[in-house]
Amino acid sequence: MSFDLENLVSDLDIRGAVLYFKGNVDSEVINKALDLVEGKLLTTRETPRLRKKVYNVLVESLQNLYHHADRIPRGYHASRSDRFGLVVMEKLGKGYRITTCNFVAAAHVGELEEKLTRINRSTPEEIKELYKEILNHQEITAKGLGGLGLLDIARKTGHRIDFRFKRYDDLNTAFRLSAVIAPA
Amino acid sequence: MEPIIIEGTPKTPSIKFDAKDGVFEIKGRSIPENSVEFYKPLNEWLDTYMQGPLDKTVVNIRLEYFNTSSSKCILDVFKRLEAIHRSKHDVEINWFYEEDDEDMLEAGEDYDSIIKVPFKMIEIVE
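Chains A and B are the protein sequences, given in the same order.
The opening residue of the first sequence carries number 1066 in our numbering; numbering runs sequentially from there.
The opening residue of the second sequence carries number 11 in our numbering; numbering runs sequentially from there.
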């Protein structure tokens, strides 16, 4: 069987997911996903604080795909080649888990892995300082700010960011990122 | 100088900056994919205002959500306000946050530690 991004989330409860999407993550898709999740969260008994955290992390996760998903590999079956990604949001105990998958050019893997490893090794205080440092000193580019989205996810969740890579071919790697948002 | 007034949308905040009364407001959600494009006219307006600001400028920030790409643009707004403050004009930033929204309070504290302008944290109790 040929590889599909879905292979990276075979261990997740996609059928019972609050949100599942695979395809071109454009502005319209982001709007619809945010509306859907916000509506669903309002029907739950979650505290406003948890609802806001979940919404914030979902915004950053979807916009990470929008800004940073690299082109799909040649030969990979998809209707559009840019901004191709997958997102799953699951209810997990008293919290939520948001998982995104996308392709990353093999040349970018080392830098991304280093960034995430550094975040996961940092204390909340170090993450806060690093966030402020990047916010204050780095110029914004068309792709956003170098890793501020990931730092924001780490800050808002207070948990390790789970990530894994799976080599697709010499030039492309599939990437999965999961963040858990739990009540305080 | 004409005021800059922008209606809010589900992804962009309402903006009301009026040079007549010196009370500016950013309110709502700021989560667009391209924040630079949204904030460009506002920062251009401030560049003009900085040439002859009022003795006192009050800025009310009432954001429900903002994304990381907006965070840099908001900092750019604050840096212009800091320049006005440095030129011996009163500037006050009121950062509103909802009760229990520690993330929004922390975000305000981040800006407060970066920008040298009187910054007031105001909790909205429902």
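Just so you know, the hints here were simulated from the structure itself, not pulled from any lab data.
One thing to keep in mind: the hints can contain errors.
[As the list claims (entries may be wrong)] In silico DSBU-like links for lysine-lysine, alpha-carbon gap of 35 Å or less:
(1) B:Lys98 to B:Lys130
(2) B:Lys98 to A:Lys1097
(3) A:Lys1105 to B:Lys98
(4) B:Lys50 to A:Lys1221
(5) A:Lys1180 to A:Lys1159
(6) A:Lys1159 to B:Lys50
[Stated by the list, open to error] To be clear about the criterion: a stretch of chain B counts as covered by chain A if any three or more of its residues have a C-beta under 8 Å from a C-beta of chain A, and this derived list gives those stretches:
(7) 93 to 103
(8) 118 to 126
The beta-carbon is built from N, C-alpha and C at its ideal position, and this holds for glycine as well.
Hints, one by one, checked against the model:
1. B:Lys98 to B:Lys130: holds (19 Å)
2. B:Lys98 to A:Lys1097: violated (47 Å)
3. A:Lys1105 to B:Lys98: Given pair Lys1105 (chain A), Lys98 (chain B) is violated - Cα atoms ~50 Å apart, limit 35 Å.
4. B:Lys50 to A:Lys1221: holds (28 Å)
5. A:Lys1180 to A:Lys1159: Answer holds: Lys1180 (chain A) to Lys1159 (chain A) is near 29 Å, not above 35 Å.
6. A:Lys1159 to B:Lys50: Judged against 35 Å, a Cα distance of about 41 Å means the pair is violated.
7. 93 to 103: Per the Cβ count (0), the hint is violated.
8. 118 to 126: holds (count 3)
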